[in-house]
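One-letter residues, chain by chain:
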Amino acid sequence: MLGKLIARRLALALLTIVLATVLVFVALQALPGNLATQILGKDATPDAVAQLTAQLHLDRPGWLRYLTWLGGAVHGDFGTSLATGDCVVSMAGDYLRNTAVLAGITIVVGITLAVILGVVAGLTRDRLPDVLISGVALIAMSVPEFTLATLLVLVFAVKLAWFPAVVTDGPDASLRTILHNVPLPAAALSIVMAAYIVRMMRTSVIDVMASEYVAMATLRGLPRRRVLLHHALPNALLPALNVIAINIAWLVGGVVVVEAVFNYPGIGTLMLDAVHNRDVPVLQYIAVIGALVYVVSNLLADLAATALNPRLRTPARAS
Amino acid sequence: MDATPSNAHEPAPSVGPESIPSSIPAFSQRVSRGISRRTMLFGGAGLAVAPWILAACGSSSSAASSTSSSSSSTVGGATTSATGSTAVTTGAAGTTKSGGTLRIARPPASTVETLDPASSLSAYEYLGALYNRLVKQDASGTVAPDLAASWSVSTDQMTWTFVLREGVAFHNGKAFTSADAVYTLQHILDAKTKSPQAGVLSPFLDSSGITAKDAKTLVVKLKSPNAEFVSLLMNYNCYVIPVGSAATIGASGIGTGPFSLVSFKAAGKGTVKANPNYFGGAPKVDSIEFTAIADVQARVNALLAQQVDLVAQTNLDYATAKTVTASSTATTATVKNAAWYVMPMLYSAKPFTDLKVRQAFKMAYDPQEVIDLSIHGLGTIANNNPVPPTDPNYLDYSVPHDPDKAKSLLASAGFSGSQQLYTSSYEPVMSILAQAYQSSVKGSGLDISIQTASADSYYTDVWIKKPFCVSYWYTGRPVDQLLNQIFRTGSSYNESLWADSSFDAILDSARKEADAAKRKQYYQDAQKILVDSSASIVPFFADRIIGLSKKVVNYKEFGFEFDYVNIGFGA
Amino acid sequence: MSGITTGSPGDTAKGDAPRGSGTLRSLLGSPIAMTGVILVLLHVVMAVAAPWLAPYSPIATSPLDAIVNPSSSHWLGTDQLGRDVLSRVIYGGRNAMLISVVAAVLSVGIGTALGMAAAYFRGWFDEILMRILDAVLSVPAILALLVVVSVLGAGAPVIVLAATVVYCPAVIRVIRAGAQSVVGLDYVTAARARGENPWATMVREILPNVLDVVLVEFAMRASWIVLLVSSLSFLGFGANPPTPDWGLMVSESRSLLTVTPWAAVGPIIALATLIVGLNLAADGLAKARGIDRITGGA
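Residue numbers (numbering that gives the first Met the number 0), protein chains in the order written: chain A, 0 to 318; chain B, 0 to 570; chain C, 0 to 297.
You may find that some hints are simply not true.
What the hints assert, rightly or not - Estimated spans, in silico, between C-beta atoms of each pair: (1) A:92 x B:191: 26 to 34 Å; (2) C:41 x B:448: 26 to 34 Å; (3) A:307 x C:191: 30 to 38 Å.
Said to hold, decoys possible - Below are the DSS-like pairs computed for lysine-lysine, each with C-alpha atoms no more than 25 Å apart in a straight line: (4) B:193 x A:158; (5) B:193 x B:222; (6) B:404 x B:321; (7) B:555 x B:268; (8) B:222 x B:212; (9) B:550 x A:158; (10) B:441 x B:355; (11) A:158 x B:404; (12) B:549 x B:272.
Note that these hints are calculated values from the structure, not bench results. Ideal Cβ placement from N, Cα and C applies to all residues, glycine included.
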């Protein structure tokens, strides 16, 4: 049963990714201007445009070009960048690594922070700690993220000089350099991300603590600490899992802003470059990565939910 | 030319929308940069801009100007008219202590940058450190010897002879000879190079006309007379590379300049180290480290956080400049009249087909009010003349602001009174200028509505497409190049599509004229026509503000590069 | 394993929520919701009464008064063109609120219709819609935004469209989840059995049951759209200058943050208080009506 469920989920996940690439492909076709004209510039002769059009296979119907691309992608060949002529996969490698470092730290820090604060807020409902935590979370989600990032730079880099303000190295910087530069961008992202999860956690803790189940455990005389950690927390995490998954997927796009503010050489930076270069193969690759992260994090959240709550192991829930 | 041209669109690269800092913002800026680059790049003509060039490039030199022409031979410095802009920067001067690493933040030209100076994708900031040109612009704005020790021109303005400097070696130890100079010019003209400067030179120069008379003499025979030819070699695409290096120069960076290449990565980090054997004397600093930072605000933050010592190619807007000066670690330097702002009125589109409407639009605004609002007076009123007042050929002529006359002109032209004006966040001053103009012409019965277009496609979809928009160019083109490239009928950078055959004829006469005084008269006649009837509103020249660490001394900028030899840290 | 059946955040509304009639009452009864509503109302009043409240014209330039710090004549100082920041902040809400209301109505309206339809029809319609939504949601929103804006250019209609594209899919999923718990109930089954027009059934039987969710979604999406509009204004895709608009103002004055902070901080505070108000209203309402709010980051 579980195996079948997982197989179905995997098939759906694959379908989602393929559909996403179709959508992106169609949307990119709608970008203004003939790609060949874009590349050659406004003074290009009609001959040159025609030649490049043929060379890029732009004269073929869209569906054929898409299938050609898909055929390559299945084999791990995502084509070459229009801007640099490099293989997309190897070119994006460094950027991906850097974003993975940033996102990984953000996820660990953000989620830990959010869960702790959410539980504290939930347990002290409507008392001072809750009011403070909820208030700060509300404000954190009400201020545009670039404002937050800028503020961090002004205070911790310019005024206090504790951390670098921007990353001065390129995508191929050593891991050490990247780690040295990661604190401020990770802080900015963690705060934004935690703000959403804290609110969810808090509600969910309040719900769980009010449930019969916890009341029963308490009545059975279990220590409060044990009730919290072993009974309440797993159940409280359950509803928060999807929110966490959504936030992880959000990171793929959310890093764009923060990476720009810090000149962080990650996937967001690559995306901005690709958009301005109309570099379709790179954008397609990023879309695939984004879809993959979205699908996988949702899948993991569902699996975790299933593990936490066996009652959910019924195919009816799957969608 | 002292200056190199800079171009309009390019601007973005250097300047960036300051504001954008935000999230997405960065994006727009970057986008814009990309496009422009691309335009230039592939598009042809070029004007790429070299950023620092901007200002510096131009020169003021009056001195220089004249001489040359007349008969053959002039030596050394002077010749041709200088270009106009100004150079000059203010920055701390003082004793430099030797040594240290200068850290420069710069915007990447693109992810496929190259060190080939002829390319439109060259990483500008490296060029002046690695290479030399045949002639350069000196601090006073004059055309000065660099690798060419002296030069002369035949009386028909057709044959130019350059005597090259002795005892110069490339970084790889090879001696510099006329073969390298011939190769460099031919490389620029080669269609495969796609050099922006090819579009400027090719109308009167073929590869076959470039020859080496002997190891130290270069002879250039033009197809048609051009008394201004030598000034065109000051362009930043004209850095000299070793013979036969076309395929490798993009990565090797081997030149004759004050620094030699240690490492370079497109859109990434790079280092150059001092060349102790430089013919102009050893540089004060040991090395320069270049960092590519795309977002303008990020570049400024790097400066404020002392991660870099100098922000290259970045025009700080007034507000950012205030922020920088208010900090304890950084300060600003100013390049006078570095860019000129323009609102082209499309000659082919209504209502601007009517001369009366164009004149009314020029008279309708108060130049003082517009310059004050837009750039806080940090610049010079242009009076609709794109030639900077510092250019020796400058004509001091203007049609005064006159709201009543503007009103009556518009009435007699049957103009409705409202007009849409396009702008974008491509560059910080553009939108402010649009708002200042809108505000200033209200008194003349003109109702301007502002439309913000995507910075991304501004120079492809709006510029030369929409009837009325805001744009800008870096100052620094020699007057000959400025007028021919941007105002001549049919030129690809004629952004207003204005066409005036009498104006074109005057430019032709100037190129043939050997006598500098008469040539100047031609250029002044041309300027009068521009002020009276062109389709370009040119409200002002704006100063460029550069951010640098308080520790940096002797920052001087002219002729497209700063003074790499003397810049250093305070003792 | 008790308690937690309430569904994961993706599947909101509890099936036993009463019909929508009591919405107003529960709103009034919740102090949190009231605080939010009052904040939002203050902003509405400020926007409507702007001509009487603002001390200066929001677009009057004055070269001599540019970039001054707060004083008795300019409470929040002036910006680069010498315009009064307070007046611009007061007028600035008009643009933000108009766009966010229109976009929120559109995305929640379309989302509600499609969400209910998916729950009602189930089967292949639901399946296909969900797959498409998943695909749309899996594309990073910022990429979608950049494409919409690149294709269509700037302007209020484009922003409304972009916001709708970005938020509609999430709304569909939420409403669908809410409606699913109603579709199985007796009276809906009965209506279906009677062969009633599906849309009539949805409007009559299902909509009242998900109305609370719809309202919560509306308040929440509206707050996000305000944020989105401000981000787009930064990009230069928002309001055209010299329109007073918070996002545009922050972007124009951002570099002045350390010199005359109020030119940027003023609009940020206005922006944040409106968003906080909308969120509190949504929170209070959700709490009063027993709805788990989902707060994703989309």
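If you check each hint against the structure, which ones fail?
4, 6, 11
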